[in-house]
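Number of protein chains: 4
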Amino acid sequence: MAGSNFGEVFRISTFGESHGPAVGVIIDGCPAGVKISLSDIQHQLTRRKPGQSNIVTQRKEEDKVEIQSGVFDGVSTGTPISLVVYNKDQKSKDYNHIKDKFRPSHADYTYDAKYGNRDYRGGGRSSARETVARVAAGAIAQSMLSQLNIKVISWVSQVGDLVVDQNAPTFDLNEIEKNIVRCPDAEMAENMIDLIKEVRKDGDTIGGLISCTITGLPVGLGQPVFDKLHADLGKAMLSINAVKGFEYGSGFNCVSMRGSQHNDIFKKEGDKVITKTNYSGGIQGGISNGMPINFNVAFKPVATLMKDQESLDKFGDDATVSGKGRHDPCVVPRAVPIVDAMAALVICDHLLRSKVDRLDQLLS
Amino acid sequence: MAGSNFGEVFRISTFGESHGPAVGVIIDGCPAGVKISLSDIQHQLTRRKPGQSNIVTQRKEEDKVEIQSGVFDGVSTGTPISLVVYNKDQKSKDYNHIKDKFRPSHADYTYDAKYGNRDYRGGGRSSARETVARVAAGAIAQSMLSQLNIKVISWVSQVGDLVVDQNAPTFDLNEIEKNIVRCPDAEMAENMIDLIKEVRKDGDTIGGLISCTITGLPVGLGQPVFDKLHADLGKAMLSINAVKGFEYGSGFNCVSMRGSQHNDIFKKEGDKVITKTNYSGGIQGGISNGMPINFNVAFKPVATLMKDQESLDKFGDDATVSGKGRHDPCVVPRAVPIVDAMAALVICDHLLRSKVDRLDQLLS
Amino acid sequence: MAGSNFGEVFRISTFGESHGPAVGVIIDGCPAGVKISLSDIQHQLTRRKPGQSNIVTQRKEEDKVEIQSGVFDGVSTGTPISLVVYNKDQKSKDYNHIKDKFRPSHADYTYDAKYGNRDYRGGGRSSARETVARVAAGAIAQSMLSQLNIKVISWVSQVGDLVVDQNAPTFDLNEIEKNIVRCPDAEMAENMIDLIKEVRKDGDTIGGLISCTITGLPVGLGQPVFDKLHADLGKAMLSINAVKGFEYGSGFNCVSMRGSQHNDIFKKEGDKVITKTNYSGGIQGGISNGMPINFNVAFKPVATLMKDQESLDKFGDDATVSGKGRHDPCVVPRAVPIVDAMAALVICDHLLRSKVDRLDQLLS
Amino acid sequence: MAGSNFGEVFRISTFGESHGPAVGVIIDGCPAGVKISLSDIQHQLTRRKPGQSNIVTQRKEEDKVEIQSGVFDGVSTGTPISLVVYNKDQKSKDYNHIKDKFRPSHADYTYDAKYGNRDYRGGGRSSARETVARVAAGAIAQSMLSQLNIKVISWVSQVGDLVVDQNAPTFDLNEIEKNIVRCPDAEMAENMIDLIKEVRKDGDTIGGLISCTITGLPVGLGQPVFDKLHADLGKAMLSINAVKGFEYGSGFNCVSMRGSQHNDIFKKEGDKVITKTNYSGGIQGGISNGMPINFNVAFKPVATLMKDQESLDKFGDDATVSGKGRHDPCVVPRAVPIVDAMAALVICDHLLRSKVDRLDQLLS
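Protein chains in written order, with our numbering: chain A, 31 to 394; chain B, 31 to 394; chain C, 31 to 394; chain D, 31 to 394.
Note that these hints are calculated values from the structure, not bench results. Warning: the hint list may mix true and false statements.
Identical copies carry no separate label here, and so any pair may be met within one copy or between two of them.
Straight-line alpha carbon distances no greater than 30 Å define the calculated DSSO-like cross-link-like pairs of lysine-lysine that follow [unchecked claim]:
hint	residue 1	residue 2
1	Lys231	Lys385
2	Lys385	Lys65
3	Lys90	Lys231
4	Lys297	Lys337
What you are looking at is a predicted structure, and each value in this text was computed from that prediction instead of being measured.
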C-alpha cells in the first residue's frame with residue numbers, strides 16, 4: 031500500500047533515507063539453493079557507487095553491504111534475505127539551507143504536502159540513494175538468473191543529442207564497463223564524457239537514455255492481462271528516480287508504422303521458433319516469446335543545479351535555492367546498474383510466477 | 031499472481047474471453063456513497079463498442095451491461111460491484127482456420143507455449159474484448175472522480191505520421207467526441223479518417239498515439255518508491271493491448287534537455303502553489319503536485335491484416351495465415367475510452383491510498 | 031483491501047448480496063489443465079442448498095451455476111474462471127420490518143455504522159448466501175485436488191451437547207452424506223436431528239462443531255512465518271459466517287498437556303516418515319509433514335430466532351425485532367460443504383505456492 | 031507469497047534466524063506523525079527477552095533495538111521504519127548434535143523436506159526468536175494506538191490445569207506485570223510459577239492459555255467477507271510459534287448454546303450503543319461493534335525437552351535427540367508481549383483500512 035515493496039513472488043521491501051543511519055532491503059521469496067556471494071553484491075553496488083569517476087557526484091560512500099539473514103553456507107535457504115548498507119558520508123549540514131525551501135523539480139513540495147513533515151536532508155527517502163537497496167537486491171536476482179543462463183545487459187545509448195548507433199561497427203557490448211559513461215561505443219563514450227563535463231562546467235545537468243536487452247529467456251513469462259511482462263518492466267523502470275518514459279520493441283516508432291511492416295513473422299531455427307524481425311521486443315500478448323527483450327528508458331536531467339534558482343519556501347514566500355551539495359551532472363552512467371537490477375527483479379519474479387501455470391507441471 | 035486484478039484499494043478483477051459467454055469485472059473497494067447509474071456505464075461502453083463507425087471493426091455487439099451487486103438505491107454500498115456483459119455476436123467459426131496456426135505478432139504462440147491449451151476463438155483472453163471489463167469498471171471510477179471534481183480526458187494525438195499540434199488554434203478538447211477518430215482538431219480528424227480508410231483499403235493497419243490529461247487533482251497522490259503515481263499510470267497503460275510505450279511530462283524529449291531548461295519553477299497563484307512550466311507532467315518524486323497530469327501512450331498497428339501472411343502452425347510446420355474476421359484498421363479511436371478508464375482507475379486507487387498517509391487525518 | 035478476495039496464487043474474488051440479482055466468484059490462478067465439470071460444481075452447491083431437508087431453511091433456491099469463462103473443452107485454460115448463480119426466491123418484502131432495526135447479534139448495526147447505508151434485505155452482503163460463491167470456487171479446487179489424490183472430508187461432530195465419539199465402532203466417514211445432519215455416526219445423527227427439531231419448535235437455534243481431515247498431502251505445504259498452513263486454514267474458517275473458534279491437532283487440549291506427552295515421535299513406515307501420534311495435526315512449524323491434517327471449527331447458534339427480541343432502531347430508539355423469515359435452526363449441516371470448500375481453496379493455494387520454494391525444482 | 035509479511039496497509043516484513051547475525055523488521059505504511067520512542071520499543075522487547083526470570087530460558091540477549099529509518103525528530107515520516115536487533119549470545123555449537131537429526135514436534139523435518147537445506151542452528155527461521163521482530167513492530171503499532179486511546183491487554187489465563195477465574199475478587203489486570211508469569215491473579219501466579227518449576231525439574235514442559243482484551247475501539251473495523259476482524263486476529267495469533275487454537279467471544283462454548291441465550295441485546299448507554307452481554311466478543315459480521323474485543327489463544331507445551339527422545343535423522347536412520355540447549359519450560363509468560371504485538375498490528379491495519387470505506391469521509 032505504501033509502495034515500498036516490489037514483486038509478487040520474488041518480493042523486495044526497501045527502507046532508508048539518504049542521510050539516515052542506513053539503507054537496505056528484505057528479499058522474500060528467493061528460492062532455496064541460489065548461490066550467493068557477498069562479492070557479487072558488492073560488485074553491483076560498486077558500479078552504482080558515488081565517487082566512482084570524475085563525471086559523477088563526489089559524495090564518498092563505501093557502500094559496504096552486510097548480509098543479515100537468509101544465506102547459510104553460501105546458498106539461500108528460502109527464508110528472507112536482509113541486506114543493509116550503513117550511510118557514512120552524510121554531510122547533513124549541507125542541507126540546512128534548503129530545510130524550509132522547495133527545490134524546483136524535486137520532491138520537497140509534494141512530500142511536505144503529503145506527509146506534513148519530511149526528512150529534508152539530501153532528499154530523505156526521495157533521494158536516489160534509495161536505489162542502493164534495489165541494486166543490492168538485484169544482485170541476488172542476477173545470481174539466480176545466472177544459474178539459469180539468463181542475461182540482462184544495460185547501457186547508455188544517448189546523452190543529450192549524442193545518440194549511439196546500434197548498427198555501427200564500433201558498437202560492442204563488451205565496451206560498456208570499459209568507459210566511465212557505460213556506453214558500448216568507445217568513441218561515442220568519449221564524446222559523451224566531454225559533453226557531461228561541459229554541462230557540469232555550466233553548473234547545469236543533462237538527460238540521457240538507457241537501453242537494455244535480456245537474453246536466454248524461456249517462452250511463457252508474463253501474465254495475460256494486467257501483469258503483462260512489459261507492463262511490469264515498465265512500472266519497474268518508471269519507478270526509478272528521474273525516469274520520464276519507457277518503450278519496448280518498436281516503442282514510440284510503432285505509431286507511424288503499418289501492420290504489414292511491424293508484424294514479426296515466425297520461422298523455425300533448428301527446433302526453435304523464432305521471428306524474422308523483433309518489433310515485438312521479445313514479448314507478445316504480454317508473454318515472452320523467446321526472442322531477446324529490448325527496451326529503452328528515458329532519464330531527465332538532474333534537478334539539482336550548481337546555480338541559483340527562484341522558488342518558494344514552505345511558508346509560501348519567495349526564496350532562492352542556491353546550488354550547493356554534491357550531485358551528478360548526468361544520471362545515466364550510475365543508473366545502468368539500477369536498470370540491470372530492476373530488470374533482473376522483474377524477470378526472477380515472472381520466472382517464479384510462470385512455474386504454476388499448468389497442472390501437468392505440478393504433477394511431474 | 032495470475033495478474034487479472036488491478037489496484038490496491040480500488041481493486042478490479044476481470045474475466046472473460048472474446049468468444050466465451052461473457053466478459054465482466056468485480057470492483058472491490060469502491061467506497062460506499064458513490065452515485066452509480068447504469069446509463070453512465072453504458073455510455074462509456076458505447077464509446078468503446080465495435081461497429082460504432084465505418085473506421086472500426088464491424089463486429090456487432092450491443093455490449094449491454096448488467097449490475098449484479100454492490101449498488102442499492104442508486105449508490106454504492108461499499109460491497110463488491112459486479113458488472114457483466116454477455117457476448118452476442120460471436121462468429122466462432124471465423125476462427126477455425128487459425129485453430130492450429132500462430133498469427134504473427136498475436137499471442138497465439140505464447141499462450142500455447144505457456145498453458146499447453148488455449149481458447150483460440152478470436153484470441154480468447156488475449157483479445158482486446160477483455161477491455162470491455164476495464165471500461166465498465168472505469169466508468170464507476172469516473173463517477174467517483176466526478177463527485178470529487180476530477181477530470182480525465184484522452185484523445186487521439188497521432189495516427190501514422192499525422193500529428194496533432196496542441197498549440198494550433200484549431201485544437202479544442204470539445205471536438206474529441208464530435209468526430210469518429212476522437213481527435214481534438216476537426217481538420218486533422220478528417221485527414222486521419224482518410225488515412226485509416228486508405229490503410230484499410232490496402233488490407234493493412236496503422237499505429238497511433240493517445241494523449242491524456244488529468245485535472246483537478248489534489249497534491250499528494252502517489253507513493254514514494256515503487257508505486258509512484260506515474261509508475262502505476264505507466265503500468266496501467268502498458269497493460270492495454272497493443273501499447274508499446276508510455277511517457278509523461280517531458281517524456282522522451284527530456285533526454286536531450288538541460289536541467290536549467292527542464293526544471294519547473296514554483297510560484298504562487300493566489301493561495302495555490304503552481305509551476306511556471308510543467309515538464310514534470312504534474313508529478314514530482316512520484317507524487318502529484320496539483321498541476322495537470324499529462325501523458326502519451328503509443329499503440330502499434332493492429333496485427334490482424336486482411337492479407338495472407340507466412341507463419342508456423344503448432345506442429346512446427348509452415349503455414350499461411352489468411353486475412354479473415356472483423357478487425358480494426360487502427361485501434362486508437364476505440365482505445366480512447368480505455369485510456370480514460372485505466373487512468374480513472376489509477377487515480378481512484380491512489381486517492382484512497384493517500385487517505386491514510388497521516389495520523390492527524392485519522393484523528394480528525 | 032476491502033477483503034472480498036482470498037488466496038495468493040489460487041485466488042478468488044466474490045460478490046453478491048442475499049437479495050440482489052446474483053452471487054458469484056472469479057477464480058484467478060487456477061492452473062491450465064484442471065478437468066472441470068459443471069455437474070461437480072452443481073453437486074457441491076446442492077450440498078449447501080437451502081430447502082434440502084426439513085432441518086434447514088425453507089428458502090427455495092435452485093442455485094444453478096453458470097460458467098462464464100476460463101474453461102474450454104472441459105478443462106481450465108489458465109485464465110480467470112467466472113461462476114455465477116442468479117438469485118431466484120428473494121422474498122425481499124419479508125425484510126421491510128427490519129429495514130431500520132438492528133437485529134441482535136447480526137451485522138445490521140456494524141454495517142450501518144461502517145458504510146452509512148446498507149442493503150438490508152436478508153442481510154445483504156453479510157448473509158451466509160455469500161458462501162454460495164465459496165462453495166462454487168471450492169468445487170473447482172476440489173477438482174484440482176482430486177487430480178492430485180488429495181482428499182478433504184468434513185462432518186458434523188457436535189450439535190449442542192451431543193458429541194460424536196471418533197473412537198466409537200459406529201463412527202464411519204461413509205455415513206456423512208447418508209443423513210441430513212452430515213454426521214458420521216448414524217445413531218448420533220438421529221439424536222442430533224431430534225435436537226435440532228426440538229430447538230426449532232422452541233423458535234430457537236443451536237450451535238455446532240464441524241471437524242475436517244485432509245489426507246494425501248505432500249510434505250512441505252505452508253510458509254514459515256505469517257502464512258503458516260494452519261494460520262491460513264484458521265483464517266479461512268474464521269471468515270465463514272457464525273464461526274467463533276478454530277483449533278488444529280491437539281487444539282485447546284494442548285494447554286493442559288506436557289511436552290513429553292504432546293511430542294509426536296518420528297518413525298519410518300516403509301520409505302515414508304510418519305509420526306506415532308499426531309497432536310501436531312499434520313503441521314509442524316507451519317508446514318505440512320505428510321500426516322493427516324485435522325481441525326475443528328465452532329459455529330455459534332444462528333442469530334435469527336422465531337421469537338420477539340428487544341433491540342434498537344437506527345434512530346437510537348427502542349424497537350422489537352420479531353421472528354420472521356426463513357432461517358436455519360442450526361447452521362452446521364449446510365456448513366459442511368463450506369468448510370470443505372474453504373479447506374480445498376487453502377490447500378490448492380499452498381500447493382501452488384510451494385512449487386517455487388527451491389531453485390533445483392525450477393531447473394528441472 | 032513466501033509469507034514473511036503481514037498486514038495490508040500497516041504492513042510488516044520480518045527477517046532473521048535464531049543464530050544468524052540479526053533479526054529485524056520493516057514497517058511500511060505507518061502514517062506520518064506517530065510519536066516514536068526508542069525506549070517504548072525497548073520496553074516491549076524487554077518484556078519478551080530471554081533470561082528475564084528464573085522460569086524462562088537462560089539465553090542472554092540484550093535485544094537492543096536500533097531504528098534505521100523512517101523516524102525524524104521523534105515522529106514517523108510516513109516512510110518505511112526499519113528496526114534491527116543484532117544477535118549476541120548465539121551458542122551455535124550447542125546445535126551440532128542436532129545438525130542431521132529431526133527433533134520431535136519441531137520444524138526440522140518439514141523445513142528440510144521443503145527447502146532441501148536449512149540453518150539448523152537453534153531452529154533458524156523457525157525459532158521463536160523471529161518474534162523479536164513482531165514485538166518491535168508491535169511497539170510502533172501500540173504507540174499509534176495509544177495516540178488514539180485504544181488499549182490492548184493480554185495475560186496468562188491458564189497453565190496446565192491451573193485456570194484463572196476472571197470473576198474472582200483477586201482478578202486484577204494491574205497485577206499482570208507484577209509477577210513473572212504475567213497472570214492477573216497474584217495468588218494463582220504463585221501456583222503457576224510453582225507448576226512451571228516442577229515441570230522444568232522433570233525436564234519437561236507445559237502448555238498455557240493467553241487471553242486478550244482490546245478496548246477503546248471505534249465501531250466499523252474489519253471487512254465483511256474474508257478479512258473479518260476476528261479472522262485476521264485469528265490468523266495473527268495462529269501464526270505465532272506453538273499456537274494450536276484461537277477463539278473469540280463465546281468461542282468453543284458457543285457450540286452448546288442456544289441462540290436465545292447467545293444473542294447480545296442492544297441498548298443505549300448515554301449516546302452510545304452497547305450490548306447487554308458480549309458473546310459476540312466485540313465483533314459482529316466481522317466488524318467491530320464498539321464493545322471490548324475478547325479472545326483466547328492456546329499454546330502447546332514447548333517441544334524441546336531436557337530428556338532423550340527417539341527420532342530419525344535426515345538419512346532415515348533411527349537417532350536419539352538428547353535434551354540440550356537453553357529453553358523455556360512454558361512459553362506463555364514471554365508470549366504475552368507477542369500476543370499484544372500481533373493484536374496491535376491487526377488493529378492498526380484495520381483502523382487504516384476502515385478510513386476508505388465511505389466517500390463522504392473522503393470529501394470532508
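Cross-check of the supplied hints:
In this assembly of identical chains, the alpha carbons of Lys231 and Lys385 never lie at most 30 Å apart, being 52 Å within a copy and 44 Å across copies at closest. In this assembly of identical chains, the alpha carbons of Lys385 and Lys65 lie at most 30 Å apart whether taken from the same copy (20 Å) or from different copies (19 Å). For the identical chains of this complex, Lys90 and Lys231 are intra-copy neighbours only, at 21 Å inside a copy versus 58 Å across copies, given an alpha-carbon limit of 30 Å. For the homomeric pair Lys297 and Lys337, the shortest alpha-carbon distance between copies (18 Å) is at most 30 Å, but the shortest distance inside one copy (56 Å) is not.
The earlier numbered hint that this structure contradicts is number 1, and it is the only one.
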